[in-house]
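S.K.: In case you want the letters, here they are:
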Amino acid sequence: MNNTEYILMVILVMTMATFATRIMPFLFFHGRSNHSTMNYIAKYTPPMIMSILVVYVLKDVNFSNDIGLYTVLSVVVTITIHIWKGNPLVSIFTGTFLYMFLVQM
Amino acid sequence: MLFQDLGYPWYLATLMAFFVYAGTAQFMIVGLLAAGVGLTEIAISTFLINSRHIFYGLSMLNSYGDWGLRKVYLAFGLTDETYSLVTTINPKDATKKEQQYFLITALNHSYWVISCTIGAVIGSSFSINTQGMEFTLTALFVVLVIEQWKKIKKLLPFMIAIFSSIIALYLFSEQMLLGSIALSVTLLIVNNLLRNRHE
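Same order as they appear, the protein sequences are chains G and A.
Quick note: the first sequence uses numbering that gives the first Met the number 0, first residue 0, plus one each step.
Quick note: the second sequence uses numbering that gives the first Met the number 0, first residue 0, plus one each step.
Looking at chain G on its own, in the form it has when it is part of the complex (with noise of 0.2 Å):
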């Protein structure tokens, strides 16, 4: 096999597991959708799994130096902005170029 059918196969198997892993729980749980824990999973999964991406992207940030700062800095103002104004790509992009400037200054 050369390197680039060896990438095609690559490609193939990891386009597989990740398409599994979002298929199965349509196949699998089709019918049942109405059963009341579902419900109640399908209510509040969205925050929570919201909340925890959030704990994820910050996790490797180090909070003693000034990246750390940068980071404090820039999510205070996008909540700010947030609430002020209540504009997704307001906040989204007001937050990311105060980051990009502070970290490249």
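These are calculated hints, taken from the structure and not from any lab test.
Do not take every clue at face value.
[Unchecked claim] The calculated lysine to aspartate or glutamate pairs, modelled on EDC-like cross-linking and capped at a C-alpha distance of 20 Å, are:
hint, chain 1, residue 1, chain 2, residue 2
1, G, K58, A, E173
2, A, K70, A, E80
3, G, K58, A, E80
[Claimed, not checked] Which residues of chain A face chain G? A few of them, derived with a C-beta cut under 10 Å, are:
hint, residue
4, L38
5, Y55
6, G56
7, V71
8, Q130
9, K149
10, I151
11, I159
12, L168
13, L176
14, I180
15, L187
Glycine residues also receive a C-beta, built at the ideal position from the N, C-alpha and C atoms.
Once you've looked at the hints, dock chain A against the given chain G.
M.R.: Frame of chain G; chain A shown alone:
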């Protein structure tokens, strides 16, 4: 961009973005390829890294109706970002729901393919100072937590999430994401059982 460092042609990054369509896994593969890991290991690691998507699918069972092939595509495109968006919007009109979900999924998918391609093409030729751009993801998730709070107005899911992430950080640092999602969903189910018993 990382893909270029291994010396593969740019269109392989495009192919991968289109078919695999999973950021973390695509990131990981660069390391695995450089280390010369076999296909079986690649399959298992990809599956494990993406297994959090099983929970995303579970919580979308009610929202994604019987739409045939479209539904298969929606399932295929249920990434972190797509999941965040489809659970944040609140379509009032049921007939438009399918269209909106489809549009979000397809747009996210095309942004991903385009940006991976651009990244791969310009990767070696010249460099823009993109340092700090990864903060977009942090800002996106922070904003989405606020949006979720506006919708739910209950502390419980947020408390469970923070508790689970802290535990998971200590217990399984590398697999923290999957660990904390599994833990928090378990806690949620336990809480639901207790609640039903009281009623």
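S.K.: Could you run down the list of hints and mark each one as holding or not?
M.R.: Hints versus structure:
1. A hinted pair counts as satisfied when its Cα atoms are at most 20 Å apart, and G/K58 with A/E173 qualifies at roughly 11 Å.
2. For a cut-off of 20 Å, the pair hint linking A/K70 to A/E80 stands: about 17 Å separates their Cα positions.
3. The straight-line distance between the Cα atoms of G/K58 and A/E80 is roughly 19 Å, inside the 20 Å bound, and the hint therefore holds.
4. The interface hint given for A/L38 holds, since its Cβ lies 5 Å from the closest Cβ of chain G, which is under the 10 Å cut-off.
5. Below 10 Å, beta-carbon pairs count as interface contacts, and A/Y55 has one with chain G at about 7 Å; its hint therefore holds.
6. Given the 10 Å rule on beta carbons, the hint for A/G56 holds: about 3 Å separates it from the nearest Cβ of chain G.
7. Annotation: interface hint on A/V71 holds; nearest CB of chain G at approximately 7 Å, less than 10 Å.
8. A hinted interface residue such as A/Q130 counts as satisfied when its beta carbon comes closer than 10 Å to some beta carbon of chain G; here the least separation is about 6 Å, so the hint holds.
9. Hint status for A/K149 relative to chain G: holds, with the closest Cβ pair at about 9 Å, below 10 Å.
10. The restraint placing A/I151 at the interface with chain G holds, with a minimum CB-CB distance near 5 Å, inside the 10 Å limit.
11. This hint holds: A/I159 has a C-beta 6 Å from the nearest C-beta of chain G, less than the 10 Å allowed.
12. Annotation: A/L168 was flagged as interfacial toward chain G, and the flag holds, the nearest CB pair being 6 Å apart, inside 10 Å.
13. With a least beta-carbon distance of about 5 Å to chain G, the hint placing A/L176 at the interface is held under the 10 Å criterion.
14. Nearest Cβ of chain G to the Cβ of A/I180: about 6 Å, under the 10 Å cut. The hint holds.
15. Below 10 Å, beta-carbon pairs count as interface contacts, and A/L187 has one with chain G at about 6 Å; its hint therefore holds.
Comparing the model with each numbered hint stated earlier shows that all of them hold.
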